[in-house]
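Same order as they appear, the protein sequences are chains D and A. Residue numbering for the first sequence follows this note's numbering, starting at 8 and increasing by one per position. Residue numbering for the second sequence follows this note's numbering, starting at 890 and increasing by one per position.
Calculated from the structure, these hints are not laboratory results. The structure displayed is predicted, hence computed values, not measured ones. Just so you know, even glycine gets a beta-carbon here, dropped at the ideal spot from N, CA and C. Just to be clear, a hint being listed does not mean it is correct.
Some chain D residues judged to face chain A by a derived CB distance under 7 Å, without partners named [as the list claims (entries may be wrong)]: (1) T233; (2) L237; (3) E244; (4) S245; (5) A332.
So these bits of chain D aren't anywhere near chain A, every CB distance computed over 12 Å [claimed, not checked]: (6) V104; (7) V129; (8) D169; (9) G194; (10) L208; (11) I235; (12) S241; (13) V254; (14) I303; (15) R359.
These are the residues of each chain, in order.
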Amino acid sequence: MKLTGRARLMVLFAVPVALMSVVRLWSGEDALTSSDTIGASLRLSVPILLAGMAGLWAERCGVLNIGIEGMMIFGTWFGGWGAWQFGPWVGLAFAVVGGMLGGLIHAVATVRFNVDQIISGVVLNLLAFFGVRYMSDLAFVGQPGGGVSQSPPQTSAIPRFDIPVLSGGEVFGWKSPNILLNLEERGWFFLSDLAGILHGLTHNLSWGTVIGVAAVPATFWILWRTRIGLRLRSSGESPVAAETLGVNVIRLRYLGLLVSGGLAGYAGGILAIVASSYYRQGQTAGRGYIGLATMIFGNWRPVGVLGGASLFGYAEGVKLVANDAISTLFLFVALAAVLLVVAAVVNRNTTRGIVTTFVAVVAAYAYLAIDDVPESLTQSLPYFATLVVLATASQRLRPPAMAGIPYRRGESH
Amino acid sequence: MRCGCVALCRGGVTVPQRGWVWQYLSMPDSAANGSASANGTAPAVELHNISKGFPGVVANRDISMTVERGTIHAIVGENGAGKSTLMKTLYGLHQPDSGTIAVNGTEVEFGSPSDAIDSGIGMVHQHFMLADNLTVLENIILGAEPATGGVIDSREAARQITELARSLGVEIDVNSPVAELGVGQRQRVEILKVLYRGAKTLILDEPTAVLVPQEVDELFENLRRLVDAGTTVLFISHKLDEVLAVSNRITVIRQGTTVGTVTPAEVTRRQLAEMMVGSDLPQPEPRTSEVSDRVRLEVKNLSVSRPGRRDLVHDVSFAIHSGEILGVAGVEGNGQFELCSALLGREHSNGTVAIDGKDVSHASVRDRKNAGIAYVPFDRQREGLMLTSSLWENNLLGQEEKFTKYGFVNVAAARAACREVISRFGVLTPNEDVPAFALSGGNQQKLVVGRTMSMNPAVLLAAHPTRGIDVGAQAAVWEEIRTARDAGLAVLLVSADLEELLGLSDRVIVMFEGSVVAELSPRDATPELLGSYMTGAKVAAR
Ligand SMILES: Nc1ncnc2c1ncn2[C@@H]1O[C@H](COP(=O)(O)OP(=O)(O)OP(=O)(O)O)[C@@H](O)[C@H]1O
Ligand SMILES: [Mg+2]
Chain D
8 MKLTGRARLM VLFAVPVALM SVVRLWSGED ALTSSDTIGA SLRLSVPILL
58 AGMAGLWAER CGVLNIGIEG MMIFGTWFGG WGAWQFGPWV GLAFAVVGGM
108 LGGLIHAVAT VRFNVDQIIS GVVLNLLAFF GVRYMSDLAF VGQPGGGVSQ
158 SPPQTSAIPR FDIPVLSGGE VFGWKSPNIL LNLEERGWFF LSDLAGILHG
208 LTHNLSWGTV IGVAAVPATF WILWRTRIGL RLRSSGESPV AAETLGVNVI
258 RLRYLGLLVS GGLAGYAGGI LAIVASSYYR QGQTAGRGYI GLATMIFGNW
308 RPVGVLGGAS LFGYAEGVKL VANDAISTLF LFVALAAVLL VVAAVVNRNT
358 TRGIVTTFVA VVAAYAYLAI DDVPESLTQS LPYFATLVVL ATASQRLRPP
408 AMAGIPYRRG ESH
Chain A
890 MRCGCVALCR GGVTVPQRGW VWQYLSMPDS AANGSASANG TAPAVELHNI
940 SKGFPGVVAN RDISMTVERG TIHAIVGENG AGKSTLMKTL YGLHQPDSGT
990 IAVNGTEVEF GSPSDAIDSG IGMVHQHFML ADNLTVLENI ILGAEPATGG
1040 VIDSREAARQ ITELARSLGV EIDVNSPVAE LGVGQRQRVE ILKVLYRGAK
1090 TLILDEPTAV LVPQEVDELF ENLRRLVDAG TTVLFISHKL DEVLAVSNRI
1140 TVIRQGTTVG TVTPAEVTRR QLAEMMVGSD LPQPEPRTSE VSDRVRLEVK
1190 NLSVSRPGRR DLVHDVSFAI HSGEILGVAG VEGNGQFELC SALLGREHSN
1240 GTVAIDGKDV SHASVRDRKN AGIAYVPFDR QREGLMLTSS LWENNLLGQE
1290 EKFTKYGFVN VAAARAACRE VISRFGVLTP NEDVPAFALS GGNQQKLVVG
1340 RTMSMNPAVL LAAHPTRGID VGAQAAVWEE IRTARDAGLA VLLVSADLEE
1390 LLGLSDRVIV MFEGSVVAEL SPRDATPELL GSYMTGAKVA AR
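I would like the entire structure built from these sequences, with the hints used as guidance.
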C-alpha cells in the first residue's frame, strides 16, 4: 500500500498520537500529551529548528556550516545586549545581525579564500566563544546584575497570546471559550490527546516563536519556488553546471551563508530574549550541533528539519515538565518500534526489520527494568533516533551533491 | 519550435537596477537579447590569433577563424587538437592568453560564461554539465527561468520544454531527477538546455556521440530550421560523414592550430581525415574470425525490474562464444545500461548469468570481475575516472590487487603499466602524473579503454568504446578489439555508431523497451532495417 502526499502525512501524525493515547491509558501517566509538555516542547524546538534551517541554507548553497553554534552564540550576545538596551524587538534584530556577521566571516573564509569549511566553522565557534566573553567584559561588567558571563536582565518581553476560540484567546476584549483545554481535561481516548497537543501549540504563544516557525514555509517557498532559490540550490548541486549557465555561484554562496547566519542568530536571540530574559554564557548549550543533526534527519528539506527539531524539542520538553514520565516514553518507543517491525516484515525489508526489532527490545527492557532513568540516557534518545533514521533511510537521503567542496571560478573541466 | 524561445524574450521590460538581489528577482529573461544591435553583414564570430596554454601544453596556437552568420560551421581535428579549448574560450569559461574575439562585428571580452550568454551564445559541452539531484526541468531552465516577480512559472516552463522536446522527436519526463537518466537522455537534456535558451550562436561540442542516426537527423533538421532563421551553429564531431552531410563550412585543427577551412563539396571523407592527421590514414584490414564453440558468456531470461514500472530489461537471453562480438543496437535508454549493470552485478536482476560455464548469477561485482568480466563504461567521467587524480592512479583502478604487495602499492610498476597504456593507445599527455581532467575528451576515453583492454579480460562489455575518439585512433581501438577477439575474447558491444556496430560484430541484436526484438547478421542488417527495429516500428519474431 502506498499513500501519497496529504494522506501519508495524516497517517504519520495520527498513528503516533493514537499510540501515545494507548500509552497514557495503559500507564495512567498524562504528561506525554499534556498541553504543558507540548508547550514546553514547542519553545525548546524552535531554536533547534532554526539552527537546522541555518544548516540547510548553508549546505543547499554548497558550504558546510559547523559554525552554527558560534553564530548562535553571537545571536545570544547581540540579542541580549540589544534587548537590554533597546527592548526585545530591537534585540531580536540585533541577534539576526550578529548571526549574519558570523555567516559573513564564514563566507569570506570559505568562499573567498577557500579555507577548509570544517576548519573555518570550528574556528568561528572558538572565536564566538571567546569573543563574546571579551565583549561582555566591556559591556556588562559593572552594570547591575551584569558580569563577564551574563547581561543585566531585560525589563520588557515579547508579547504572548492565546489563539481565540481554540485556546481561549481574547478578541477585542471578549474572552473566547477554551475549547481545546476543555477537551483535554476529559481524558478521552485519542481526542483528548489530540486536544492536549493542539492546546499546547495554540496557547501562551510568543510572537518570537511564531516568526521562528514561519521560517519553515518561507524557506521552502524561497528555495523551491523562486528563481533565486533554484540558482542557490544549483550552486550546491553542481556549481560548474550553474556557472556555465551564467549563474554567479560565488554571490549565491555569500547569500546562502548570510541567511544561514541570520537564522542561527535569530535562534540565539530566541534563547536570550524569548526563552529567558537575559544573555548568559553557554546559553546555546550545543543546540547548533543538534540543529545539524536535525538537518540530516530531515534529509536537507524544511519539513523534515521541522520533524527532527520536534523530536529533539519533545525529548527536552518531557524532561523539563515531567521527568517522571520519561520511562513511559520508552514504552511508547517500544510500541512504535513493534509497529515498524510489522511494516518491515510486510515490506520484506531485512535491515530495517533487524534495526527496529533491536530498538523495540532495548526500549521494552528500559521501560520494564529501569526505574530511575539516568538523564544522559534520555538526552541521547533523539540522537539515537537520528542514528536509526540514518541506518534505515540512508539510501534515500539526498544531501546536496557538492556541499563541502570548495569552488574556484573557471575551474570547469 | 522557435515559439518556446519567442515566449522567453517577451519579458523585455527594463527594470531599474537595485542591487544584485533585485536583479535576480526581476531580471528580464536575457537570453538572445545580446545580438539586438547586430549589424547586418558582420560575421557571427571572428577569432583572431587566439592562443591558450596549460601547464606543459599549448592547446591553441595563434588560431584565427571566421564563422558567417546563418551557417553550420564544423570544426574537426584529432583528439587533443584543441577544439574544446577553443570553444571554451569563446564561451568565456577561460580567457585566452592572447588574441581577440569579435561577435557580430563588435570586439568582446568574456570574463565568464554569463558574458557570452549575454552576447547570445549557448553551448553544449563535451561532458555533461548537469546537476544530478535537480529535475530535468530545473536543469533546463536554470539561468533562464520563466518567472513572474521572481517566482518560477513551472507549468509554463514544462509546457515549453515538452513542446521543444516533441519537435526534436524526444520524449522526456521533465520532473524526473537527472540522476535517474541514462547517457542518451542526458545528452538530450543538454541539447534541450541550449535550444531552450534560444541562443543566436550555438556551440555544440560532440552532441551526437551517443545518439543513433535517426536522432541525429531530427537534431539537424531542427538546427537547419534555426539556421534558416539566422542562428549560427558551431559544431564539433568525429563522425566525418555527419560533418560532410550537414555543415556549410569545415575548419580543420591540427596540433593547436588551424590547417584550413573547406566546404563539404571540395573534400571527400578520406581527404578530410588526412587533413586532420597530416598523413595517410591507417587502413585496418577487414578480417573474418573463427568463432569457436566454447560459450564464454551465457545469459538466460535476464530481467531487471522496478516496482510499478515496465521491466527495464525484459527476459533477455543470449550466449557469446569465445572469439565472438555480439553487437547491441538500440536507441540509448532502451535497457542497454541496465543490461550491462546487471551483467556486472551492480544491479539486482532475475535470471542466470554464467561466465565460462560458471554460474555467477548471485556473485558480487568483484567475483564477476575475477571471473574475467571487464567493462568500458557508458559515461567515462561518471563511471570511469577520478577526474582530479593522476593518470597512473586512474589506470590502477580496478587492478589494485595486481599491483599490491604486502598491502603496499608498487608505485613504480603501476606507473609503468600506465605508461604502457599511454603509448599503446596513443593517449596524448605530457606524462602519467597529470590529473585526468587535463586530458582532452577523446584521450580520456582512450585511457579508459586502454585500462580495460590491458586487464586481458575473458568477457568485455564495451559501451560506446570509441565515443569521442578521432577517426585515426578509432581504427586503432577497433584493431585492438579485433585482435583480442581473435585470441578468444567474447565481446558485448553497445554502440550508437552503426558503422562500428556492423563493422565489428559477428551478430547483432536490437533492444527496444528492454526486450531483444531482433537478431540479425551484420551482412543483412541495413541501417534502414536496424532503424525500424530500434524505433519499434517493426517487430520481428526471433
Ligand atoms: N584543464 C586543462 N589542464 C591542462 N591541460 C589541458 C586542460 N584542458 C585541455 N588541456 C590540454 O589541451 C589540449 C587540447 O585539449 P582539447 O580538450 O581542446 O582537445 P580536443 O580537440 O577537444 O580533443 P577531443 O577530440 O579529444 O575532445 C590537450 O593536449 C589537453 O591535454
Ligand atoms: Mg574536446
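Here is what the structure says about each hint:
1. T233: 5 Å, holds
2. L237: 6 Å, holds
3. E244: 4 Å, holds
4. S245: 4 Å, holds
5. A332: With a closest approach of 41 Å, the A332 of chain D hint is violated.
6. V104: The claim holds: V104 of chain D sits with its nearest Cβ about 17 Å from chain A, beyond 12 Å.
7. V129: 25 Å, holds
8. D169: Since the minimum Cβ distance to chain A is about 34 Å, D169 of chain D lies beyond 12 Å and the statement holds.
9. G194: Nearest chain A Cβ is 44 Å from G194 of chain D, so the label holds.
10. L208: Given a closest Cβ separation of 29 Å, the condition holds.
11. I235: Violated: least Cβ distance 5 Å, not greater than 12 Å.
12. S241: 5 Å, violated
13. V254: 5 Å, violated
14. I303: Check passes; 16 Å lies beyond 12 Å.
15. R359: 16 Å, holds
Hints 5, 11, 12, 13, counting from the list given before, are not met by this structure.
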